[in-house]
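Protein chains in written order, with the working numbering: chain X, 1 to 200; chain V, 1 to 154; chain A, 1 to 202.
Think of the hints as simulated: they come from the structure by calculation, not from any bench. Every residue gets a Cβ at the ideal spot worked out from N, C-alpha and C, and that includes glycine. Please note: incorrect hints may appear among the correct ones.
[What the hints assert, rightly or not] Taking lysine to aspartate or glutamate and the EDC-like style, the derived pairs with C-alpha atoms no more than 20 Å apart in a straight line are:
| no. | chain 1 | residue 1 | chain 2 | residue 2 |
| --- | --- | --- | --- | --- |
| 1 | V | 122 | V | 141 |
| 2 | A | 6 | X | 185 |
| 3 | V | 139 | A | 59 |
| 4 | A | 39 | V | 98 |
| 5 | A | 143 | V | 141 |
[Said to hold, decoys possible] Derived list of chain X stretches under chain A, where covered just means 3 residues or more per stretch with a C-beta under 8 Å from a C-beta of chain A:
| no. | region |
| --- | --- |
| 6 | 33-46 |
| 7 | 134-146 |
[As the list claims (entries may be wrong)] Cβ-Cβ distance ranges computed for the label pairs, FRET-style:
| no. | chain 1 | residue 1 | chain 2 | residue 2 | range |
| --- | --- | --- | --- | --- | --- |
| 8 | X | 179 | V | 9 | 55 to 65 Å |
| 9 | A | 35 | V | 24 | 12 to 22 Å |
| 10 | V | 87 | X | 12 | 34 to 44 Å |
| 11 | A | 75 | X | 45 | 23 to 33 Å |
| 12 | V | 139 | A | 183 | 26 to 36 Å |
| 13 | V | 139 | A | 35 | 33 to 43 Å |
| 14 | X | 84 | V | 9 | 32 to 42 Å |
| 15 | V | 20 | X | 84 | 28 to 38 Å |
| 16 | X | 12 | V | 69 | 26 to 36 Å |
| 17 | A | 16 | X | 22 | 22 to 32 Å |
| 18 | X | 75 | A | 58 | 22 to 32 Å |
| 19 | A | 60 | V | 19 | 41 to 51 Å |
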Amino acid sequence: MGPISVISSLPEWVNLLIGFIIGIGFGFALEQAGFSSSRKLAGMFYGYDTTVLKVFFTAAIVALVGSQFLSFFGLLDLSLVYVNPYFIGASIVGGIIMGAGFVMGGFCPGTGISALSIGKIDALFFLFGGFAGAFLFAETYPIIENFAISGFKGPMKVDEWMGISPGLFTFILIVAAAFLFWMAELAEKKFSRPGINSEN
Amino acid sequence: MGKFSNLKIVLLILLVVLILVLVKTLGKNGFKQDAKIAVETVSSNNFLVLPNDLKNKEKQYLIVSLDESSSQQFENSVNIPFEKLLDDKNLQKLKETESNILLVSADNSISAKAWVILNQLKIRNVYILSTEENPEVLKYEFQPDTLTGIENIN
Amino acid sequence: MDARIKITVLLVGLGILLAFMPNPSSKSFKLKPGELLEKSGSEEIYFSVDEVARFINNEDSTVQLIDLRTADEFRTCNIPGSVNIPFKDLLNPNWSVYFNQKNMRTVFYGNGDQNANVAWTIVTGLGAENCFVMKGGLNEWFKTVMLTKFEGERITPRENALFENRYKAREIFNQINSLPDSLKTKFFDAKRLQRAKLDGGC
């Protein structure tokens, strides 16, 4: 199961089983946060429901804090954790496409699957669209390859770029998160749309 | 009051983590050096003493012989067999000496391994006596043509 | 309200703790000094050049040879099937996948004994298992495997097997190292481990 040293000597099937159980946990968490509802997800952009921000930001912070401590106690080898390489142009364009799709469709890929699992038909079509998009990318890759790999900066980390220690960066992020959540609550009051979340 | 009693659990968790972190940083009579330093020192050959250089400078070093043959070769050396390198009294001698430490052994491998261990325990100024002038130079030349074979350019 | 305040305080507290913790970008040995000393004192970490020759002859896929010399030296000649990790670059995370193979034996060699033993000690200290050293390095390989001839009138079966082993490895060494560069790189790439990349996504 990843680079956690004490567990890495387990047989392959146990690793896969652990992955499966973690997946169950992830889907459960998404569903109980209400992310199968496209209205809840789109609410992030219209301002009336900021649950997405809170859940995902908290998850990121827990992961940050957890991995820092595990690395400190020698249980996790951070240099083995994969960091996505940063391609400037591709990130921006991909972000725009994903953002537009998120607001229009009301799902992102992970929440789309959790919505499909409770039987939503619009999630099914959303996922079809997702597969079609990925297929299109693969088929047209020779044409867009130059742009897709432009601006390669390697696996950049923000704390390295800022020149501060990862611990300090985590702390700043936590404080920023608390501030953002407070702002989010204000926004919810301002942009509220009562009744939007009732499904009828 | 209800709020604060729940906060106690949080504070307890923080305290436990704090104690664990402190124990980890202050404890450990173990390896504390950054492994990078060992690689850099060896790459730059900064830890080698060649036999010729040693001739006039023997007095400068605390000579540690890691096996029998070397302790006979260097009469005023301290004999610490490789397996006993980390015994308390030996380690203390190495940590407390003010002169540079020179590890000698009949086999280059043994001194190299001992050097890495001492280096990573943050013991400074450790050198090894190289058994030959250029330990990491290839003494043979390879001829890609299979007809001519291999020349010994030594 | 209550749970949120608890969690916020917990996370902020942990964050403050983290802010004061040292930057963990340096790597120090995971093994305890006594353990490393014991492991490095054992004779079992060494393979002789004849044993390595046998691995080459049998195309033993459970053995991975690591050449610690510079890229130029590697290009001139190297033991077939070996991967080049210049000693200076030993701690580059890209190579760490080679050192932690549970089902493979990793054998280090340099021109002599020094770098291979240092590399072995460092890598084992950092927690890798199944690592070994080819005793004598490439100098010993040339001296023994490539250049020895049987001299004498009668040969015992054991000597016969030994020299056959050496002659066969000699032939493979000469053939592979005499290939033009383009074919050589194809051979090496085919033998190289493919590292699986995990891409995250949501």
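For each hint, the structure was consulted:
no.	hint	result
1	V:122 <-> V:141	violated (39 Å)
2	A:6 <-> X:185	holds (18 Å)
3	V:139 <-> A:59	violated (27 Å)
4	A:39 <-> V:98	violated (29 Å)
5	A:143 <-> V:141	holds (12 Å)
6	33-46	violated (count 0)
7	134-146	violated (count 0)
8	X:179 <-> V:9: 55 to 65 Å	violated (25 Å)
9	A:35 <-> V:24: 12 to 22 Å	holds (18 Å)
10	V:87 <-> X:12: 34 to 44 Å	holds (42 Å)
11	A:75 <-> X:45: 23 to 33 Å	violated (56 Å)
12	V:139 <-> A:183: 26 to 36 Å	holds (28 Å)
13	V:139 <-> A:35: 33 to 43 Å	holds (35 Å)
14	X:84 <-> V:9: 32 to 42 Å	holds (37 Å)
15	V:20 <-> X:84: 28 to 38 Å	holds (31 Å)
16	X:12 <-> V:69: 26 to 36 Å	violated (49 Å)
17	A:16 <-> X:22: 22 to 32 Å	holds (29 Å)
18	X:75 <-> A:58: 22 to 32 Å	violated (39 Å)
19	A:60 <-> V:19: 41 to 51 Å	holds (50 Å)
Hint check: violations occur at hints 1, 3, 4, 6, 7, 8, 11, 16, 18; the rest are consistent with the structure.
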